[in-house]
Each structure stands twice: as structure tokens, then as C-alpha cells.
Amino acid sequence: MSDSLLTEVTVSINGATVSVAPGTTILEAAAIAGVEIPTLCWASNLTPANACRLCVVEMEESRTLVPACSRACEQGAVIHTESERIAVNRKMVLEFLDTTNDLTQSPELQELITRYEADSSRYTEPSKMQDDIKIEDDLFVRAYDRCVLCYKCVDACGDDAQFTFAISMAGRGFDTRVSTEFETPLPESACVYCGNCVGVCPTNALQFKKEFDLREAGQWQPEHQTTTETICSYCGVGCTLELHTQDNEIYKVTSPADHSVTAGHLCIKGRFGWQYVQPPTRRLSTPNISS
Amino acid sequence: MSDLKYTNSDPDSHERDAIDAFVIDPPVRHEGERWVVSGLDRTHDSRHLLLPGLHLLQNLKGWISPGGLNYLAETLQIPAAEAYGVASFYDLFQLEEPEEGPLHHVCVDPVCAMGGSASYIQELRSNGDRVHESPCLGQCERPPGIFVQIKGDSNQDLTATTNIEPQFNSSSSNRLLRRFGTNEPVNLNSYKEHGGYQALGTAIELGGARVIEMLVESGLTGRGGAAFPTGIKWQSVADHLSAPKYVVANADESEPGTFKDRMILENDPFALIEAMTIAGLSTGCEKGWIYIRGEYATAAQRLSEAIAEAYSAQLLGNRIQGTSLTFDLEIRQGAGAYICGEETSLFNSIEGFRGEPRSKPPYPTDKGLFGRPTIVNNPETFLNVIEILNNGVDYYQSAGTPASPGTKLFCLSGDIARPGLYEAGFGIRLRELLSDAGGVDGDLQAILLGGAAGCFVGPEQLDLPLTFEDTKANDLTLGSGAVMVFSTKVNVPDVLGRLAEFFRNESCGQCVPCRIGTVRQHEVLLQIGADKANKDQLSLLHDIDTVMTDASICGLGQTAASAVRSAITLGLLGETRS
Ligand SMILES: Cc1cc2nc3c(=O)[nH]c(=O)nc-3n(C[C@H](O)[C@H](O)[C@H](O)COP(=O)(O)O)c2cc1C
Ligand code: SF4
Ligand code: SF4
Ligand code: SF4
Ligand code: FES
Chain A
1 MSDSLLTEVT VSINGATVSV APGTTILEAA AIAGVEIPTL CWASNLTPAN
51 ACRLCVVEME ESRTLVPACS RACEQGAVIH TESERIAVNR KMVLEFLDTT
101 NDLTQSPELQ ELITRYEADS SRYTEPSKMQ DDIKIEDDLF VRAYDRCVLC
151 YKCVDACGDD AQFTFAISMA GRGFDTRVST EFETPLPESA CVYCGNCVGV
201 CPTNALQFKK EFDLREAGQW QPEHQTTTET ICSYCGVGCT LELHTQDNEI
251 YKVTSPADHS VTAGHLCIKG RFGWQYVQPP TRRLSTPNIS S
Chain B
1 MSDLKYTNSD PDSHERDAID AFVIDPPVRH EGERWVVSGL DRTHDSRHLL
51 LPGLHLLQNL KGWISPGGLN YLAETLQIPA AEAYGVASFY DLFQLEEPEE
101 GPLHHVCVDP VCAMGGSASY IQELRSNGDR VHESPCLGQC ERPPGIFVQI
151 KGDSNQDLTA TTNIEPQFNS SSSNRLLRRF GTNEPVNLNS YKEHGGYQAL
201 GTAIELGGAR VIEMLVESGL TGRGGAAFPT GIKWQSVADH LSAPKYVVAN
251 ADESEPGTFK DRMILENDPF ALIEAMTIAG LSTGCEKGWI YIRGEYATAA
301 QRLSEAIAEA YSAQLLGNRI QGTSLTFDLE IRQGAGAYIC GEETSLFNSI
351 EGFRGEPRSK PPYPTDKGLF GRPTIVNNPE TFLNVIEILN NGVDYYQSAG
401 TPASPGTKLF CLSGDIARPG LYEAGFGIRL RELLSDAGGV DGDLQAILLG
451 GAAGCFVGPE QLDLPLTFED TKANDLTLGS GAVMVFSTKV NVPDVLGRLA
501 EFFRNESCGQ CVPCRIGTVR QHEVLLQIGA DKANKDQLSL LHDIDTVMTD
551 ASICGLGQTA ASAVRSAITL GLLGETRS
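Protein chains in written order, with the working numbering: chain A, 1 to 291; chain B, 1 to 578.
Be aware that a few hints might be false.
Interface residues of chain B toward chain A, partial, derived using beta-carbon atoms under 10 angstroms [stated by the list, open to error]:
1. D3
2. S88
3. I339
4. N505
5. C514
Stretch by stretch, here's where chain B covers chain A in the computed footprint (C-beta under 8 angstroms, at least three residues) [as the list claims (entries may be wrong)]:
6. 44 to 53
7. 59 to 70
8. 97 to 104
9. 124 to 137
10. 166 to 176
11. 183 to 194
The set of hints was computed from the structure by calculation and includes no laboratory data. Yeah, the Cβ is synthetic: ideal placement off N, Cα and C, and Gly gets one too.
Same shape as in the complex, but just chain A (with noise of 0.2 angstroms):
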């Protein structure tokens, strides 16, 4: 029988059976039966751009990896999560990231480096993704040296989330890039600053102005770090926001992807716009009584 008439398919992975329904992913499948394997382009408010390999399991019967976090269950299908090969294969994937980009502010990486032994050592003076910094606003900053092309921002920005299509991949092969039209910047180019790109960002790439500039003042203290929800004050649709703080200041704004309204999604008021919050002098906390 073709799986599309079924109403649940059977696969085992690493030996347990699952059974779930058709359409559903390998790391859908895996995390019911709670095996976790590694992503970095997935996420769970998007549709998977099937890029990074870094998920790849072992089908029993397919000539190559597959990729767990698009590949639909198969009637059937003897999945294994953890071996030699994809040890190799996900290894590989870390080395070639590491020695193309700058990895220092994403930690899930750093961990899956040390767990898969990944030796950037081993490559003598390998080309990097090299980019100048893009500071064009006050609201975030573009530094591509750091972009993995795992298509999030683009797919945010698309028809995953936002429907504006300010930037594509640009290019080809190792010189692809994320970029507007001829490279315009993002103040003139179909940006609505939505920040959704931010949002979604796994490496840091894009990140608030406001953090870059306590990283480049050395202020940068995750110790002091707090986050806090909250929902916005702005519109009816009511969006939960977490703000995360340093010391009691805002750097960034975020919404959780589980979210049932927002999906992680925001829109530019409630995710840049809580100056009023922290205002240069100090609010008003007794009435102003005119003589």
C-alpha cells in the first residue's frame, strides 16, 4: 500500500517503534520517542531549509545520510541516529563550519564541536565566509563572518513569517551571501525592521545594536542577564515578549516560538520599540503639580 493512503506509519528508531502520523519528520519521530539528535538550520517556527546536514541519520537501505529534520517517516524505515558514520559526517559538517566562520557566540555549536571532536587544526589557512561588518541603523547589525547560510533570516523574512522579502540568498557556491538587491542597505532597501531575521538568527549573525554594543564596550555579563516576560503594550493582538536585560537594561526582545499567537514572531513596535521604557532621564514618579 502507498504511504499516502496510510493513517499512521511505523518506523524504529535506534531500535524502539513509533508509530506517528503520515507527513510526520524523523526528528519529529525521534523526539516522541525521545532520542534528540542535532540541528542548526531547522527550527521549529519554520519550514525546514534542509541545509546544514548537521541532523543526518542512517536509513537502512538508503544509499546516502538522510536529513531528520525533513525527511518524512516511511512505512517501515530502520532508522539509527547515532554511529561511526553519522559521528564522521556531522564532524565534518562542525570543521567546515568552524573553519569558515567565526563560531564564538554560538554556544550550541561550541558544545557539538567538543562533543564530536571536530579539529579545525587539521585545515592550513582555509578561505573563510569574510564580510565588513553592516551597522546601517540603531536597531541591529548585520555581520555575515558570522553567517552560516542556514536560510532562516530569508525564510523569516519570506513567506514563513513576514511576507516582505527584503533579502535573499545572493551569489553562488562558497561566495553565496544573504543580501538586499545590489547589496542597498537595509534603511532603504523593503525592510520593515520586524527584526524576525534577528529572531531566528542561530549564530548571532544578526544581533541588536544594543548587545553588539556591550560585547564591543567588553560589558557583555550573561551573569547579569535576566529575562522576563511580558506582553506587548502597543496593539490588541497582545504578543508575549521576553525582554532580556542586563543589569535592568533592555538588549533584546524576543517572543517564544512555541507561541500560540506569535509563533516567535514580532512586529517592529514590540520588538524595538521599548526605549520609552528606559528613557536618557529618569521617568516620572511623582505628579508634576504647576504653581
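Dock chain B with the ligands against the given chain A, drawing on the hints supplied.
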């Protein structure tokens, strides 16, 4: 009218007029309407005009200006950033204003490098001509390959010095090449006099089901590299009942060392048109597309003349040959990107998206061009369909072996007495093929079989029968049928370096294993240079090979290490691993 925003760059009047004349029926987008533009459900019907529109702008001014791009994108209602993303994907589009004068693309891949491309480039440069060092241009039988882009005029792939005599073996046992050299290529009557359009009559008489059955019985497999059974492919598309469905000819031919499809299009264009019509009528597809690589100027010209002739003779369009059936055919020209020969990348390219391969499944027979069931075949595969219908399954199988029936076109180039296109039954030994072409010019060092994505074969393997089964058993591939011959005069590390550079330049950049792996492979080979590779270098090459082969999305990355791997096994690069 629309919520898409464009910058203030305006087109000049020539750009505006040209685009207005080209996009006759611009799409209208209503306030607030959002068109789905990605995934497989692409509903935007005029986006496929982006690629020809970009060709138009490029030809008009010699480059694509911000104003021109804006105006084209706005007319087609495509976001400017996406249009730029598409334009910047292709080698034949310039996005900065160039100097005046034609742009000469000269092939620097191994065979043309041996055939004097360096001195030709030097000559052009000393005349002050603009030169782009190009990957293989599919003219390996007459090196150096050359293609000239001329502002405001037709591009050319022939020069005053080109030997225009088509080089092929003329033999009475030829099947696919039977009309080569005896017919007038773009003369319909001449085609008919040589048996043309009999197969279409037979197909209409037999009906689609029987045609597909014959293909299945014949054992015909695809000649584009993957050797997938053609009959099964056609059957799966016929099984989908709802229209529209498409037939696509993949004439993007860019595999280094391969020039057979160019020769077919230049010398027998009606055969491809007839075979595609048969495919359409037999499987219920009313529209066909021929995707031809942008550098094949002569072939594209002849093909479009032949299509026009077929339309005026009612062999295309409505009521074909008095039936109630319709089949339309449209040409799309690529713009300099090897990856667009990968079938799903080709679909994206036609649709006006970046030529990045899609992940499979879904397969083209279920969701292909515009997300619809699609037959995609190589021109050589299509020509075999005509042979099978005209002469029957038994005759077809009288050449070749049981597992690889029929004949194969081989492209011989490099250090060989008579480079050119050769047709032979599957099972011919490499040694015989070389002697048919007059023998090796010098002492044989190695043969690259199957193109850049193929493998090196040493002199001790000359008794290899050229079949799918024998090559597979020896970890080799016939690939596209390229046979590049290298004598002992050739420096193999240089060739390997150039092959690695080819993949580095042609990777689409979508997936990490290939985007970065092809670069790292090239870097290690450059470091090794003419020296013996050390243990660390070999082990790094091995690991790069592993991840590209095992974890890349498409066949480009999956085969980008195969030539290097085979060279190491043959001891052509440092110590062997074993
Ligand atoms: C990188 C790459 C380039 C390819 N280039 C071509 C090509 O130029 N022509 C072609 O027919 N097939 C090419 N293919 C194979 C196609 O994807 C597809 O398998 C083929 O067109 C199917 O036709 P067939 O069944 O007649 O062989 C290429 C594949 C890859 C991975
Ligand atoms: S801020 Fe919003 S509109 Fe601007 S590039 Fe990012 S996602 Fe697109
Ligand atoms: S900028 Fe960030 S989100 Fe965008 S592609 Fe690069 S790494 Fe991914
Ligand atoms: S293997 Fe290479 S060409 Fe194919 S999708 Fe990946 S990056 Fe693109
Ligand atoms: S997470 Fe699956 S390919 Fe990136």
C-alpha cells in the same frame, strides 16, 4: 497596487520599452494579496519570465542594471531581492557595468587546457578583448571551446577559426546518429525523407499505454547519468490523471567532456521535438519545455527554427496530425550554471527561482515543474524512443547486453587521434572505442570516464566492457558518456586541481558538505601540488570525500570527490591508502 517595495533606481527608456514589449500580460496583484512563492505550491504564473527577462536585459546593455532589474521585478511582481538572488546565481549575468566590447568565454577545463586555451586567452587579452575563463563549454572535440557574449547582438559559439564540420563516426550501424551529416538539420522535409515523424504516427496508432509498455520491455534507461528506467518514469506520470503535467528535455549539458546533446540539437533537432511530442501524447502532458544551456547558441537557434517549422506544419500545437491532441513546446535558455542540469534545480531555474536542487522525495514524476507531475529526460534518451518505435524492441535489444540494451553515445576528447562523437553498442570495450577513434595520441596515462563527476581508469583497465553493470561492478560510472583521454604528457595533479576548482565554482552553495567541502578539497589539492601527498593530507581528503558523498543534498556534492578518489586509488596522487 502591491505591497512590494522597490528602491528608487529607475530603468532607462530602452530597458523600459524592452520589458514592456516582452511581458505582454503582466500579472495584477490586488491590495493585500499575498502570493505563495516558495515550497512546491507556487501559484505565481508569470514568474517563469524572470530568466528570459534577465537574458533580455543582459543582452540589451551588456549587464543588468539596478533600474532594469527593478523594473523587470516590479513588472513581474517579484521582490527585488529575490530577482537579484536569481540574477547573481548565473555566470552569464553581469551585475556591474563592464567595459565595452564582447565578452569572450574560453574553456580552461582539462581538455581545452591541453588544446591550447592558455595561448588563445593570451592572444585575446593582448588584443584588448575581455576574457572570462570558463568551465567546459561542450566543444571538447574542437578545443579550445569558446562562447562570445555580444551586447545587442546574438551570442556566438562559433568563431572564424572553429572547425564547423561535425566530428562523429559515420557508420552504417549508427542508429541515433543515422541522420547526422545526411539530412539538412532544420529542414522538416529533409527530416521526413530520412524517416522523420513515422514514430509519431506509430505512437498515435498504438496508443500511449502500448508505447510505454514498449519502453518498459526495451529496457531503455536514462542517458543523463542516473540510468533510471525510462518506461517506468513515463508510466508514473501517465498514472497521474489531473492536468497540467509536463515533459522536460534536459539539454543543460555541462558535464566536462560532454558534447553529445549539443551535437544532437545542432544536427537533428526535429528528432528531439518528435520524441517529446510522443512523450506528451503518450502520457497526457500538453506542454513540453526544452532547457538548453545558455552557451549553446547555434543549437538553440536551430532548435527554435525547427520548433517554428513544426508548428506551421501542425506537428506542434492543437490537433496534432489530425488527432484531438495538443502539445506545445517552449525553449528556456540557461545562463551559465552546471547545477541547473540537476533535474529539480532545472525546474527551479525555469520557474524563476535560484537554481538550487530540491530535496527528494518528492520525485519529479509526482511533483516536478511548477509542482506538477513531470517527465524529465536527456535528449539522447528521447532519441532512443524514436528508434524503439521505428524498429521495434527486438531490434533495439540486438545491440548491447541484456542488462544494458541498445547503443550509447560516447564523447571522445583529449589525447586521441580523432576526437568526436561515437555511437557504439553497450559492451564495447574501452580499447575498441579508443581504436575506433584512431588510437591514443602518445602513451596512455589515464582516462577520465563519465566527466568531472566520473572516475579515472588506468591503462590496465582497457578491457572494461562499457556497460552499466560492468562499470558499477568496478566502482566506475559511464555518467554522461564522456571519455577524456590523457597521455603521459599530461600532469594529473593539474587536472585534479582543475576538476576540484570546477566543483568549487559550480556548487550551488545550498548545503554545507558541498559548499565548503568542494573548497576544502580544492585547497588540499593545491597544497599537495606536484608533491607526494602526505598521510594527513590523504586522511583529510578521505574525510572530505566521506561527508560530501554521504551528506550532500544532490548528485553534485555526492560525486565531487569521485575523480580524486579514483586518482588516489590508481596511485596518480601520492601513496595509495591501502
Ligand atoms: C550536478 C548534476 C548535473 C546534471 N546535469 C545533467 C545534464 O546536463 N543533462 C542531463 O540530461 N542530466 C543531467 N543530470 C541528471 C538529471 O538530474 C536527470 O537525472 C536526468 O536529466 C534524467 O534524464 P534521463 O532519465 O533521460 O537520464 C545532472 C545531475 C546532476 C546531479
Ligand atoms: S527586519 Fe524584518 S523586514 Fe527587515 S530584513 Fe529582517 S525580517 Fe526582513
Ligand atoms: S544571517 Fe543568521 S539566520 Fe541568516 S542565514 Fe546567516 S546564520 Fe542564518
Ligand atoms: S550538493 Fe552542492 S550543488 Fe547539490 S544542493 Fe548541495 S551545495 Fe548545492
Ligand atoms: S537541521 Fe536538518 S539539514 Fe539543517
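Going down the list of hints, with the structure as the test:
1. D3: Holds. Min distance 8 angstroms.
2. S88: Nearest chain A Cβ about 4 angstroms off; hint holds.
3. I339: holds, 8 angstroms
4. N505: With a minimum Cβ separation of about 6 angstroms from chain A (threshold 10 angstroms), the hint on N505 of chain B holds.
5. C514: Interface hint status for C514 of chain B: holds (9 angstroms vs cutoff 10 angstroms).
6. 44 to 53: holds (count 5)
7. 59 to 70: holds (count 4)
8. 97 to 104: holds (count 3)
9. 124 to 137: holds (count 4)
10. 166 to 176: Coverage by chain B holds here, the residue count being 11 at a Cβ distance below 8 angstroms.
11. 183 to 194: Since 4 is at least three, the answer is holds.
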